[in-house]
Structure formats: C-alpha cells, structure tokens
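Chain A is fixed; fit chain B with the ligand onto it per the hints.
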Amino acid sequence: MAQHSNKLAKIQAVTANRLLDGHVVYFTAAGEWSDWVDDVVLADGKEDADALLAKAQPSVETRHIVDPYLFEVDQEDGKMVPKSVREKIRMAGPTIRLDLGKQAVARS
Amino acid sequence: MYRYDQFDHKLVAERVNQFRGQVARRMSGEMTEDEFKPLRLMNGVYLQLHAYMLRVAVPYGTLSSVQMHKLADIATKYDKGYGHFTTRQNLQYNWPALEDLPAILEELAEVEMHAIQTSGNCIRNVTSDQYAGAAADEIDDPRIWSEIIRQWSTFHPEFTFLPRKFKFAVTGCSNDRAAIRVHDIGIELVRGKDGDVAFDIYVGGGQGRTPMIGKLIGEAISREDLLAYLESTLRVYNMSGRRDHLYKSRIKILVHDIGAEEMKRRVEEEFVLVKKQGVLELPQEEVDRIRAYFEAPDFEALDDECAELTAVMASHKRFGAWVNTNTAVHKQAGYAIANISLKPIGGVAGDASDEQMHIVADLAEKYAFSEIRVTHEQNLVLAHVKKADLFALWETLEANGMGTPNLGLITDQIVCPGLDYCALANARSIPISQEITERFADLDRQHNIGELKLKISGCINACGHHHVGHIGILGVDKKGTEYYQVTLGGSADEFTAVGKIVGRAFTEHEIVDAIETIVEVYLGLRESPDERFLDAYRRVGIAPFKEKLYADT
Ligand code: SF4
Numbered sequence: 001m002a003q004h005s006n007k008l009a010k011i012q013a014v015t016a017n018r019l020l021d022g023h024v025v026y027f028t029a030a031g032e033w034s035d036w037v038d039d040v041v042l043a044d045g046k047e048d049a050d051a052l053l054a055k056a057q058p059s060v061e062t063r064h065i066v067d068p069y070l071f072e073v074d075q076e077d078g079k080m081v082p083k084s085v086r087e088k089i090r091m092a093g094p095t096i097r098l099d100l101g102k103q104a105v106a107r108s
Numbered sequence: 001m002y003r004y005d006q007f008d009h010k011l012v013a014e015r016v017n018q019f020r021g022q023v024a025r026r027m028s029g030e031m032t033e034d035e036f037k038p039l040r041l042m043n044g045v046y047l048q049l050h051a052y053m054l055r056v057a058v059p060y061g062t063l064s065s066v067q068m069h070k071l072a073d074i075a076t077k078y079d080k081g082y083g084h085f086t087t088r089q090n091l092q093y094n095w096p097a098l099e100d101l102p103a104i105l106e107e108l109a110e111v112e113m114h115a116i117q118t119s120g121n122c123i124r125n126v127t128s129d130q131y132a133g134a135a136a137d138e139i140d141d142p143r144i145w146s147e148i149i150r151q152w153s154t155f156h157p158e159f160t161f162l163p164r165k166f167k168f169a170v171t172g173c174s175n176d177r178a179a180i181r182v183h184d185i186g187i188e189l190v191r192g193k194d195g196d197v198a199f200d201i202y203v204g205g206g207q208g209r210t211p212m213i214g215k216l217i218g219e220a221i222s223r224e225d226l227l228a229y230l231e232s233t234l235r236v237y238n239m240s241g242r243r244d245h246l247y248k249s250r251i252k253i254l255v256h257d258i259g260a261e262e263m264k265r266r267v268e269e270e271f272v273l274v275k276k277q278g279v280l281e282l283p284q285e286e287v288d289r290i291r292a293y294f295e296a297p298d299f300e301a302l303d304d305e306c307a308e309l310t311a312v313m314a315s316h317k318r319f320g321a322w323v324n325t326n327t328a329v330h331k332q333a334g335y336a337i338a339n340i341s342l343k344p345i346g347g348v349a350g351d352a353s354d355e356q357m358h359i360v361a362d363l364a365e366k367y368a369f370s371e372i373r374v375t376h377e378q379n380l381v382l383a384h385v386k387k388a389d390l391f392a393l394w395e396t397l398e399a400n401g402m403g404t405p406n407l408g409l410i411t412d413q414i415v416c417p418g419l420d421y422c423a424l425a426n427a428r429s430i431p432i433s434q435e436i437t438e439r440f441a442d443l444d445r446q447h448n449i450g451e452l453k454l455k456i457s458g459c460i461n462a463c464g465h466h467h468v469g470h471i472g473i474l475g476v477d478k479k480g481t482e483y484y485q486v487t488l489g490g491s492a493d494e495f496t497a498v499g500k501i502v503g504r505a506f507t508e509h510e511i512v513d514a515i516e517t518i519v520e521v522y523l524g525l526r527e528s529p530d531e532r533f534l535d536a537y538r539r540v541g542i543a544p545f546k547e548k549l550y551a552d553t
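Chains as they are written, first to last, in this note's numbering: chain A, 1 to 108; chain B, 1 to 553.
Keep in mind the hints are simulated off the structure, nothing from the lab. Using N, Cα and C, we set each Cβ at its ideal position, and we do this for glycine too. No false leads were mixed into what you were given.
Taking lysine-lysine and the DSS-like style, the derived pairs with C-alpha atoms no more than 25 Å apart in a straight line are:
hint: 1; chain 1: B; residue 1: LYS248; chain 2: B; residue 2: LYS165
hint: 2; chain 1: A; residue 1: LYS83; chain 2: A; residue 2: LYS55
hint: 3; chain 1: B; residue 1: LYS478; chain 2: A; residue 2: LYS46
hint: 4; chain 1: B; residue 1: LYS500; chain 2: B; residue 2: LYS248
hint: 5; chain 1: B; residue 1: LYS479; chain 2: A; residue 2: LYS10
hint: 6; chain 1: A; residue 1: LYS102; chain 2: B; residue 2: LYS80
hint: 7; chain 1: B; residue 1: LYS479; chain 2: A; residue 2: LYS83
hint: 8; chain 1: B; residue 1: LYS331; chain 2: B; residue 2: LYS366
hint: 9; chain 1: A; residue 1: LYS88; chain 2: A; residue 2: LYS10
hint: 10; chain 1: B; residue 1: LYS276; chain 2: B; residue 2: LYS193
hint: 11; chain 1: B; residue 1: LYS165; chain 2: B; residue 2: LYS37
hint: 12; chain 1: A; residue 1: LYS88; chain 2: B; residue 2: LYS478
hint: 13; chain 1: B; residue 1: LYS77; chain 2: A; residue 2: LYS102
hint: 14; chain 1: A; residue 1: LYS88; chain 2: B; residue 2: LYS479
hint: 15; chain 1: B; residue 1: LYS275; chain 2: B; residue 2: LYS193
hint: 16; chain 1: B; residue 1: LYS478; chain 2: A; residue 2: LYS10
Here are a few chain A residues that sit away from chain B, every Cβ distance over 10 Å (derived from the structure):
hint: 17; residue: THR28
hint: 18; residue: ASP44
hint: 19; residue: GLN75
hint: 20; residue: ALA106
Here are a few chain A residues that face chain B, going by a calculated C-beta distance under 8 Å:
hint: 21; residue: ASN17
hint: 22; residue: ASP21
hint: 23; residue: VAL24
hint: 24; residue: VAL85
hint: 25; residue: ILE89
hint: 26; residue: ARG90
hint: 27; residue: ILE96
hint: 28; residue: GLY101
Chain A extracted, bound-state conformation:
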C-alpha cells in the first residue's frame, strides 16, 4: 500500500472516510470532520500524532467516520499539501477525471 505515515515524520494530520457516503474527511481543531484538507489540525512529532489519532477515535463510535489514520502533511504557501501521491489523490479526486471528487467542487 502507498505510504500513509512515517514514524520519523514531523507533521501529521488525521483523515478517514465518512460512513454515510465513504467520502474523504479530515479531523479539525474543533474535533469535527471537514471535507477540506486545509481545515486539518496538525500534530508535530509522534506523541502529538498518537494523541490526535486517539482524539479522533470516538467519531468511529458515533458512526461519523470509518478507519481514521495519520498521514504526513507539508504546508506550502499557507496550503496543506499531503506528502504522498495517495493522499494527494484522496484530497482531490481521480487524476484522470477532474470533473469528479473534491477537485470538481468549489468550496463554498
């Protein structure tokens, strides 16, 4: 599987899929789930990251999301940019169908 996270990673965030429609969501500072990667809350270092993942876990029990996990993020020009190709594709949608996925929807 493409890389999700790396033990030495500095900056990570939490993502999951929403139970109802399976769409990609991101864990925010308010403890909620957003469709947009720019809303993620960041964790610096392994301890922070584990704590963040633990904080996201109750959303599994409340049936909001499934399979939360950590992924690495960079910040470029104030934008959150996932490091791996896999997470870049999850963030945007299929690279061969730009009319589908989040890339096709303007953020309101």
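Below, chain B with the ligand alone, put in the same frame as chain A:
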C-alpha cells in the same frame, strides 16, 4: 440466456432484504464497522479511496440488453454516470452512497442481477469465453457449464469460508480466451473417449504476489463426475489450504507446496468418497434443462460471403480495419462476432458512460438478439451480428467513442483502476495507459506492430493481469512516489507464461519512453511482420530489450 427460477428470485430478494437490515443497523450503531465489513463485502461493497464501490456480478460475462439498460440507469440515478467493466467480467460503480446500496441491489434484482460472489473468501463469479455459443472453434457452449458451476457454488455451505477467494474460469475450446491457467480452477471443454463433452481441470493457477500456472490435475472428467470432481478439489483445499498467512492461503500455494502429483492423489482420494455418496452426480436431464436457456438464437440462413460488406470495407479504411481486428469468425454462415472496444485513445480502459451503455443495449436489441458479453480484457462483445449489419453497427459505435479498431493491439490494454480509485494501490495505472495509447495513437503504426497485449496493475494484486501481459507494467511505491516495473513475455492463452522482470523500475516520466523502446527493439529484430512480439521475444529472450533499455546506466 439463463433466466431466474422461483428459487433464484427468492434467494436474491431475501439477500437484498437482509442487506437492507444490515445497512440500517450499521447506520443506527447496532453494528460496528468490524461486524459490518464482512457483510458488506459479501454484497460486493468495498470502501475505496474516495467513496464506496459496488461490484455487480455479470455471471460468465453475459448480459441482456434489459440488464445493460438497468446498469446504465443505476449509473445515472445513484452514481456519477458511468461504470467500469473489470477483468472479472463484472461492473463496478465508483461512487454509491451507503444508504443507497439496498435500493441499488433491489433494482438489480428486478433484472435478475446481484452482487453476490463478487467479494469475500468464497467461490467467486465464474468467468468464461466471451465468444461462447458463437465461436467456430468451440466444443460446447461454456456458459452451460459455467451456469451449472454457479448454481452448485452459490452459497455452498461448505465453501462459504474458504482460506481465501476462489476463482473459476471456463473455456469452450483449446483456444483459451478465458485465461483459465491463471485461475484457481480453470476448465477446458474437451472431447471424452466416447466423443461426449468432457473437462480438463487445471488447478492452482493465479496471479498476484506469487504468479503460478495451473496444473492439469483432472483429465477428460466426464459430465456426470464434473461437480463431484470440483467438490473434491475444493474439499482438499478447504482442509489443507493455509489459513495462517494471507499471502500463502490460495490454492496455488498448496499445489506448489505439495506438488501437482500429490494434489491429484488427494483429490482422487476425496473423489472416491464424494462419488460413493452419489448426490453430486450431474444428470443429463439437468444439463439439458440448463442447455435450453442457451439455445442458439434464430439465425437466418445466409451465405457466408457478404458482397456488401466487402465493398464497404474496401471503400472505408477505418471500418475495414475494424472488421479485420475487431470481428471474429462465427460458426453460423453470414454472421460475425463483433468486439466493441472500450479502449479509445486517451480513454479509461473498461469505462463506459450511462449513455454508451444504453447505446450498446439498443444496438444489441437491433442487431444481436438482445445479448451482450463482457470480456476479461475489458471490452464488450455482440456475439451474433449479421455481416450485412456490421457497417451500420460500427457507424453508431464509432459516433459514440466505441468503434476503435484496436482489438489485440498495443492500445487495447487491460488496466486496473490503480491509485486513482483503489485503496490497495501503490501507483496509478490509468494515466500511464492513457499516455501509452496517445503515444501509439497512429493506427497504421499499431497495425504494423501487430498483436501486443499490454497489461497494467497498480499493485502486486495484479487485477490488471500484468504478469501475463506480453508487456506487463506493475506500479510500485517508493517512499510515496510512483514507479513502474516492466515484465516481458507473459501470456494468458493456451501457452500461458509469466513475464520476466526486465530490470530496475521506471519513473512516471520514463515509463512511456521505455515502452516505446521495447516496441522499437522488437520492430528492429523481428524476422518478418508475421512474427508477433511474443514470438520474437520467445526467440531472442530478454537480453536485447534489457540492453537497449539500460544502455546509459
Ligand atoms: S491491482 Fe492493486 S491497484 Fe489494481 S485494482 Fe487490484 S488491488 Fe487495486
């Protein structure tokens, strides 16, 4: 075509209702994801990168036009207006919402379709030769036997929790169009001693992490013994197959570990016991009952020569090329088998829009006795078309992006969804395929290269059959970056072979040039235009390709 009887209807309806209850309980919190996941998988529902994915079974790749219309309607109503035809002859929707799935399954049931046996460690949807019932070279219609196997295997209580998934493929003749030697069990119809239809049983083939070619274990098994023999094979696997290691639990590993001879001995030992019980003897009346569903349509008595067709072919180059590459010889005089390419240049292999699905269904109604086939190479087939209708058929196909004359050529690729959709992927497959088709878009160039099967998988699970591509491409992940490993010399026909890795993997930016280099090396060394890529490779081996590819390193 097979039609549901009352038991089939009841069974599928019950299954839909059960799933509706399961989805409701999941959404209300009565069920955890761990509890729900195996249940959704048993109904063909996966969770992929962007959304859920529903895999709909198309048993042995045969669809009616009514079913195709329904698949199109579901794509419009519940999905994003398209579907993806897979190497398992199934159809996948990429965007259904969880709460809509019971309604989708209910709509499928209305046209005698379902998503059973498309996932989980059970006997999966049986695949077969797309030319069944039409091919001039077949011994018998493999769909009859595929349907019998389907009925025997569906919800078989003993084989619901096998060590791993289990795939059957059946071919009607010695020309293998169903890749039977890379299936857990591959069946070839042969003539038995008495001249009746009999079955050669290949066991332990497969792709994935450990590609293996199936071994001939049962030779010319008779009609009455077919199910007993298959049951015995499955029993040996169910009892002795490993369950402790995901990568070692397919039957191919068992056959490899104990050897084909020992496998055969164990199966035959079990076979004696199963036969003694007698319940699995397949009676002729049952075969006749199933055969009646697959009777040949009402063909007209025609001359095989069609002057009209010859004339249009001569005056219309692209159509002429299409007839030469995309049609196959039919057993009935005056008819042809028409292959519909789902591989337009720059397109997504195997994808069809809702509109295209409706058009194919309409064309099937008009020209092909309302019947459609899905091929494991991700194309569609109208099996019985009058030669005199081919031009009209092609014109509509061409106008709707489905008339590309590229069957079996370098742009007719098998391509898995890869990292654009698949949660297990290491790398993208589709954009690589698109770039290669664009590089080789020129039809004269493609025809000059001749038969060349290029297959791409986005990970080692090999849904894109890369191991058996004449040229195979495997996506690998190196620290979050996509790389592509190339294999040469694979093949999935009656001379099945697993391709050899040519050398270090290529980057996304290098891979298309690498493929072009391979093709140029082949063109430079072939003895004549009749020597296909695979023949030339088998003659010269991997060295000349390697040399050229890595000349500067
Ligand atoms: S080969 Fe891998 S990437 Fe491609 S569809 Fe199969 S599991 Fe997904």
